[in-house]
Amino acid sequence: MDVLRLDEVSFAYGALCVTNKISLTLPKGQALGVIGPNGAGKSTLLDLITGTKRVASGRVYFMGQDITAASPQARSDMGIARSFQIPRPFLGMTVYENVLVGATHGGRRAEAPAQRVALRVLEQTGLMARANEPASKLRLLDRKRLELARALATEPKLLLLDEVAGGLSDMECQSFIALLKEIRDGGTTMIWIEHIVHALIAVVSQLFVLDQGARIAQGQPTQVLADPEVRRVYLGIPA
Amino acid sequence: MGATISRSGPHGPKIALAGAAVVLILAALPAFADRATLRLATEMAGYLTLAVMWNLLAGYAGVMSIGQQVFVGLGGYAFFVVAGLWGVPVFAALPLAGAFAAFIALPIALILFRLNGAYFAVATWVVAEIAALVIAQTYAVGGGAGMSLPTQVAKSLGNNDQRSALIWWLALALCCIAAGLAYLWMRSPRGLALMAMRDDEIAAAGLGVSTTRNRIMVYLIATFITGIAGAILFLVKLRISPSAAFDVNEWTASIIFIVVIGGLGYLEGPLLGVLLFFALRALLAGFGPWYLIALGALAIATMLFAPGGLWGLIHRRFGWEIFPVRRRVILTNGETP
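Chains as they are written, first to last, in the numbering used here: chain A, 1 to 239; chain B, 1 to 337.
Because the hints were derived from the structure by calculation, they are not lab data.
All C-beta atoms, glycine included, are put in the ideal place defined by N, C-alpha and C.
Do not take every clue at face value.
Here chain A is said to cover these stretches of chain B; the calculated rule only asks that three of the stretch's residues, wherever they fall, bring their Cβ under 8 Å from a Cβ of chain A [said to hold, decoys possible]:
hint, region
1, 200 to 208
2, 282 to 292
3, 317 to 330
For reference, chain A alone in the conformation it holds in the complex (with noise of 0.2 Å):
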């Protein structure tokens, strides 16, 4: 079954159209990576996937389920996480308080159980060693990773990733890389938003283009990338 399509969906602010008509399936198990100038909406496409901004037209459907009015408390319910571009901490709690919240609230689990989620996923996304830490103390890699780990205590069908390894030296890349490989390989289904080209296709098998809100190639990354129109909108090379 499709995990998620999405059916000629639009948004606009005001006049300007930021997502124009794209339509996109996404089969069980398979890593999309998204990629676009900046500008392009491509946090916008994650915003309406989640319900932090509605559709102005368009369906949303997620496991065959029709979810365009549903809340975003509803989709996280349904299987559906995000990690935020800029990350948006709980500051006045700690590493583990945070990740326990995707666990408890996310999962709709009792404390005890979620526990164990959280402290896996801490294990997993090597927070371990800070999880007592307030998170207004964290640095740039480990918020990403709390961003992260907060997404994958909720258990998500649908994982929503956006500029993860921005920002990040090679040594955090690479493990970065890692981490998502292992999550992709336990069969979440994701689409993954990023710049640094080189990690996303390293772990996704589909590329998707995005410029000015609508989609203008779509497939095997080495096509893609290949693709003249691509490299003139997002390299910049004139084809």
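Assemble the complex: chain A is given as a structure, and chain B must be docked to it using the hints.
Below, chain B alone, put in the same frame as chain A:
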């Protein structure tokens, strides 16, 4: 690498024992204190109850209400009507007063929770002023002049000494219930959700937290308790009027002072704040308006230089916790990460 979660603070059992001892001593107060002292203690317990609830709203749920006096007033009036006019026994009238406050709070919440930050705060004050005006126009409850509690209601609680003791026990019990409720709430996953919402509402909703429902639930509980506290505070006075019942200085400004100075967002904060507030009030009583100016200056200085209040300073310095609501990861080899 295994790990477990610890919920108790460093001296958990000792603190619990000390707390129980303090409550027992306070409960025995009528045996050795005179009526004036009991009256003051009752007033302090009432203020503390209001402060604990305001702290739960502002410090944890991110609900900045400056109109809580509306629920003190409505609770007080509901009690006077139910016990005074309808003759319902005092012990049944108190929860009814709280229930009435919460009943009125529900539509207020559904409308005002659409507003954010300062807009919400101002709107709560407007609602409180409207309620005061409506009550002042309602002649069944004495209009602007207010009403007295019929003597037979006061007499139903025994003679003067018995009544003072009984009301003190009621106030103390309500205060313990309020603190216990706030503590259990904040320890539960609901409390975790409240803290998450306060820190980042969009991220919390994205992680499955039912933000609106959580906020409304905590608001209803706070208004229920606030209403009962209002009923007890006016049961002591035996008289209620719109200007006293809906007094923003008395029931909101003082309470904010208590919470801010004690430590906003610490369950221990109001305890410390209420002691300091009453000490300052006694000390500065002879200085007229300077008293309020001094309190205001102190509150502003606290917000600027010690945003966690007095308890925040103590907590950071010594790590003390009376009500541990946080969770600490402990690795099975005994270390904390």
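Status of each hint after checking the structure:
{"no.": "1", "hint": "200 to 208", "result": "holds (count 8)"}
{"no.": "2", "hint": "282 to 292", "result": "violated (count 0)"}
{"no.": "3", "hint": "317 to 330", "result": "holds (count 4)"}
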